[in-house]
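Chain X is already provided as a structure; the job is to place chain W on it using the hints.
Taken in order, these protein sequences are the chains called X and W.
Position in the first sequence (from 1) plus 1 gives the number in my numbering.
The second sequence: position 110 = 94 (my numbering), numbered continuously.
Incorrect hints may have been included.
Said to hold, decoys possible - If we take Cβ atoms under 7 Å as the criterion, some of the chain X residues that face chain W in the derived model are: (1) S28; (2) G29; (3) F46; (4) G63; (5) F70; (6) P108.
As the list claims (entries may be wrong) - Quick look at which bits of chain W chain X covers, simulated, 3 or more residues with Cβ under 8 Å: (7) 53 to 61; (8) 78 to 87.
Derived by calculation from the structure, the hints in this document are not laboratory data.
All values derive from a computational prediction rather than experimental measurement.
We treat Cβ as the ideally placed atom computed from N, Cα and C, and that holds for glycine.
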Amino acid sequence: KAGVTQTPRYLIKTRGQQVTLSCSPISGHRSVSWYQQTPGQGLQFLFEYFSETQRNKGNFPGRFSGRQFSNSRSEMNVSTLELGDSALYLCASSLDRGLGETQYFGPGTRLLVL
Amino acid sequence: GQNIDQPTEMTATEGAIVQINCTYQTSGFNGLFWYQQHAGEAPTFLSYNVLDGLEEKGRFSSFLSRSKGYSYLLLKELQMKDSASYLCAVRDLGRMNRDDKIIFGKGTRLHILP
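Chain X extracted, bound-state conformation:
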């Protein structure tokens, strides 16, 4: 079974631009979560999607948004990029929501904002 895939793997943008990242979960997984990882803050939860609905959102500004499609694939969008948005963006999928559901992480998209 193929793992979680994320595209693109690397991205360079300039301040003020917007970016869209894509995540394909493991086949059959319905929950997709997004995280931002930086050396200073570690892994921080962005949002979770389940059955095409955003179920939870972390403490990030409205510039960060996402969506999930009927095939469980998910995209996240960051508008008006800032230098501080430079980070590794990780997507994780799980079979369902609830107790003990293990999350399987993709390789991440490394975003550099200049």
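What follows is chain W alone, placed relative to chain X:
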């Protein structure tokens, strides 16, 4: 509020045993995970605890005390390949059980010496 603390770095010798501690404060605890992350790679699942006690899985064991808000990951017979960051993560349902987020600690970087 939500807070997860773990040591920033630890060093141990090949063949030895090391214990990585994690303390947490959450509103609605609903399980604790340990993940391993090698440099430049995505996190991978190690263990899950929701009830008090010790869960053993090969060379790795994880312990949880809900009353103390405390967990540890025990690694035995250390190998060079165990050099990685170890992330403690807590599932938090929030005060009114309305949220369902996974909150990560900043990770403990473990160095294994020959």
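Hints numbered earlier in the text: which of these fail when held up against the supplied structure? 1, 2, 4, 5, 7
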